[in-house]
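Colleague: Residue strings, one per chain:
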Amino acid sequence: MRDVVVIGAGMTKFGELWSKSIKDIFVEAALSAIEDAGVDHIDSMYVGAMSPGLFVGQEHLGAVMADYLGVTPIPATHVESACASGGVAFRQAFLEVASGASEIVLAGGVEKMTDGADVTDTLATAADQEYEVYQGITFPGLYAMIAQAHMHQYGTTREQLAAVAVKNHRNGSKNPNAQFRSEISAEQVMSSTMVADPLRLLDCSPVSDGAAAVIVASMDVARKLRKNAIRVLASAQASDTIALHGRKSITTLGSVVSAAKKAYKAADLQPKDVDLAEVHDCFTIAEIVVSEDLGFFEKGKGGEAAASGKTSIECKIIPLNTSGGLKSKGHPVGATGIAQIIELFEQLNGKAGARQVADAHIGMAQNMGGSGASCVIHILEGK
Amino acid sequence: MITARYHREIPQRYRLEAGKCSGCGEVNFPPRVVCPKCKGKKFETVRLNNEGTLLTYTVVRVGSDKFSKETPFPVGIIELNDGVRITAQIADADPEDLKIGQKVKLVFRRIQEDGKSGILCYGYKAVTV
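As you go down the protein sequences, you meet chains A and B in turn.
Mapping to my numbering: the first sequence position 355 is 355, numbers consecutive.
Converting from the second sequence to my numbering requires adding 383 to each position, the first position being numbered 1.
Think of the hints as simulated: they come from the structure by calculation, not from any bench.
Be aware that one or more of the hints could be misleading.
Covered stretches of chain B (in silico footprint by chain A; criterion: 3 or more residues with CB under 8 Å from a CB of chain A, positions within the stretch not fixed) [claimed, not checked]:
1. 424-436
2. 439-453
Restricting the straight-line Cα-Cα distance to at most 16 Å, the calculated cross-link-like pairs of lysine to aspartate or glutamate (EDC-like) are [what the hints assert, rightly or not]:
3. B:LYS449 - A:GLU298
4. A:LYS248 - B:GLU462
5. A:LYS248 - B:ASP465
6. A:LYS301 - A:ASP273
7. B:LYS452 - B:GLU479
8. A:LYS227 - A:ASP3
9. B:LYS449 - A:ASP118
10. A:LYS248 - B:GLU409
11. B:LYS449 - A:GLU314
12. A:LYS174 - A:ASP3
Predicted model, so just to flag it, every value in this text is computed and none were measured.
All C-beta atoms, glycine included, are put in the ideal place defined by N, C-alpha and C.
With the rest of the complex left out, here is chain B (with noise of 0.2 Å):
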């Protein structure tokens, strides 16, 4: 993980930040420039509700490297109240007690580290509630 190129994701990642856009209100995570909704290019910057249910989920067990201590782990598709959708590790969960409706709620962990001497990657994940 380049460190520009992660620096320049940390307000999504550590804050939600995402894009409302000025024009008809959709909101765009992560903020865009333009809207796809309406093709408006004004947005102002509002925080996502953490909260939402689980739209669906898998459990990778045949990983990337990156991800090879903590391989298998369940990964889902999460609607957040707000109506934005993204898709996020589904962490301290048994993957057989995991259902699709189910409501979770997004934390702040640790996602990745870039090899043995580069920077750790932080960013949300789910846990359900």
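Bound-form chain A, shown alone (with noise of 0.2 Å):
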């Protein structure tokens, strides 16, 4: 396969945004890469949702973006892989360039969740219908049944917990595009509302519309544009049961396992050799678990890592969730996975700002759907 770049990146701000539709923010979001990469036009596209169609009732969202972009006839596919829809478009768009089938491809992703929506019940339709949710399950519930196992099996603690929620929250503040810009204190976290025990309220990720969108493209492309590309390295992809108690082990998510194996392998790197990665903190544990996971901590000492500022953007191990990370930044499932991205392609160019991370050259973004039945994974490389 040959080399395949991002050359340019645009996102709304995540949030409640009342005012405009799942159309006005994805375009948006698209127009804005379009310029940033500095192209004519794009020979395809995709677009990342989990759930249009039960949270604004619109299906087909392959053609209504390309239609409200105004670039039919172009290819455009929805690709829907729960929480990790994003990623899985940027992996398709990324497939696309390399295979050399197509020299420039939109990848985005898009969710719109205020609409009125039933969200606890629509985000649970990624998890098993009948075995799992028909017991009344939700996804707090089923991420605070790894939290529970996990301390009890390491003796993860409710203050390291809360230690993932403060450091994404102080990233967050420095991020103009993130939905909560307030940083927060570990007590606030651990006197929030409980919502499935022992998860609280600040370990959750918020509810959010937005839109993010990337431009992937050969390296031919880019130097004819002269851009600053940064490269992909690696896109991995993997599966695991789609019910949590299926899985062999509940505080070790093997979708994350396999697919970092794949990536590093890929990538010829180790995950000593990453100088920052954005991951799919969906709720506390799920850092903290991802964190070991994905080999940068011990298995069991995640939490204890969290709590001891090896995560922070100062620290020289590993920065976790730069952008503010779910939690603080927003979590409109679709959009999720590429904004990930546009992270790492900021910090890789050296314009994340007051978030930057000094000499940050390998970036990683981990993406996972349900309670980690799918997992992508992409490594990028800077300058």
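Once you've looked at the hints, go ahead and assemble the two chains, each given alone in its own frame, into the complex.
Modeller: Laid out in structure tokens, this is it:
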């Protein structure tokens, strides 16, 4: 496969965007990415979205967005992999350019979650309807069961969970596109409303609207445009049982382990070579488990690492979620995987402002769906 | 809950019917067309052992509207004595008394109702022993 690069990025602010429709926000992000890349056309496009049908009653999202972006008749495809929809849309664009089938492809993601749909029920469609959701379990509930098991098995503490939220809000306070730009204290996290024991409201990512898009291109296109291209070193994806109870371990996310193994091999890198990572912190426990399963910390030590500052922007170990993560930046589910790529694009171009990680050269994005039934990982390289 | 969809799951929800793979002996619950362990396609119907151990649990305090009457309620993952794992509500228990490793058994209970005029939906819940 040939080299593939990211040459432009654009996103809306994440948050409760009452005055804008799903079409408005996607087109805003896509136009911004096209302008940033300086391209005069795109060959095709992918739209990652988890459930536009349930959230706003609109399917056929590829065609809808191609129409409103004014780019028909190019191929336009809606990609769905629950909360990993954005990351998988990016992977499809990567594969299309890597194969030589196209030169310039737009990878976008969008979700409009505040139009009145029952968000808890809609998100729960990413779990097994008949054998998990039928019993009343919710997504906070599934991750809460992971948290309980992790605390029981490894001694992870309530304070360590809170440290993830505190750090991500601190990072998000420096991100102009973040939904929540306020810092929070561990005491606030630990006294917020209980959602599913032991997870409280401030352990959970919010309900958000937002869209994000990047332009993926061949190296030839980047050279002609004289763009600061960020190279995609690896794209890896894996699946696991849909039900959390179907897995051998409740405290290890098998899809993350499998996808990471493939990604490190493809990039010929090890965890210690990664300078920063955007990880799928839909709940605080998720960041802890993922930081272990990506090999950044020994199994069971992720909580301690978070609490001792080993994942902060300033640390020299592995800054996680410099964007604020899903927790503070917001989690419009389909847009999240693309927004992770955008954070790496800015960091690796040295344009992350107050969030900039010094000497950032290699970045990783880890995006997952459901309770980990799907996971997609990308490794990107800057100059 | 569409009636046909509900009806299809009755053997599992009422009687804990599983598919035991004739090739490798793996017990699949619910039954599957292909055994994920050996790829076999022949199964015999067996009933699960209804006793097991609580592997993890939570208390759902913000739930779906369908469960508004009983929220908050505990839910856990249970490993039954024949090795099969399931997700189930834990009935008749004070959440404060629940512990990982606790012995439980499955009992037949009402799970949810399909609105004011729809069918009542039944299945298994766990109780502590």
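Colleague: Three or more residues of the stretch 439-453 of chain B near chain A by CB distance under 8 Å?
Modeller: That given contact holds, which follows from 13 residues of the stretch 439-453 of chain B lying within Cβ reach (below 8 Å) of chain A.
Colleague: For the pair supplied as a hint, LYS449 of chain B and GLU298 of chain A, is the alpha-carbon distance within the 16 Å limit?
Modeller: violated, 41 Å
Colleague: For LYS301 of chain A and ASP273 of chain A, compute the direct alpha-carbon distance and say whether it is at most 16 Å.
Modeller: violated, 19 Å
Colleague: Assess, step by step, whether the Cα of LYS248 of chain A is no farther than 16 Å from the Cα of ASP465 of chain B, and give holds or violated.
Modeller: holds, 14 Å
Colleague: Between LYS174 of chain A and ASP3 of chain A, is the straight-line Cα distance small enough, at 16 Å or below?
Modeller: violated, 33 Å
Colleague: CA of LYS227 of chain A to CA of ASP3 of chain A, is that 16 Å or under?
Modeller: With a Cα-Cα distance of about 15 Å, the restraint between LYS227 of chain A and ASP3 of chain A holds, given a limit of 16 Å.
Colleague: Given that the stretch 424-436 of chain B was listed as covered by chain A, double-check it with a C-beta distance under 8 Å for 3 or more residues.
Modeller: Violated - the stretch 424-436 of chain B has 0 residues with a Cβ nearer than 8 Å to chain A, which falls short of three.
Colleague: LYS452 of chain B and GLU479 of chain B were given as a pair; does the straight-line alpha-carbon distance stay at or below 16 Å?
Modeller: Violated. LYS452 of chain B to GLU479 of chain B sits at ~20 Å, over the 16 Å cutoff.
Colleague: Is LYS248 of chain A within 16 Å of GLU462 of chain B, Cα to Cα?
Modeller: holds, 11 Å
Colleague: If you draw a straight line from the CA of LYS248 of chain A to the CA of GLU409 of chain B, is it 16 Å or shorter?
Modeller: Distance ~14 Å between LYS248 of chain A and GLU409 of chain B Cα, so the pair holds.
Colleague: Between the alpha carbons of LYS449 of chain B and GLU314 of chain A, is the straight-line distance 16 Å or under?
Modeller: violated, 46 Å
Colleague: With the threshold set at 16 Å, check whether the alpha-carbon distance from LYS449 of chain B to ASP118 of chain A stays at or below it.
Modeller: Measuring from Cα to Cα gives roughly 11 Å; hence the hint holds.
Comparing the model with each earlier hint shows violations of hints 1, 3, 6, 7, 11 and 12; every other hint is respected.
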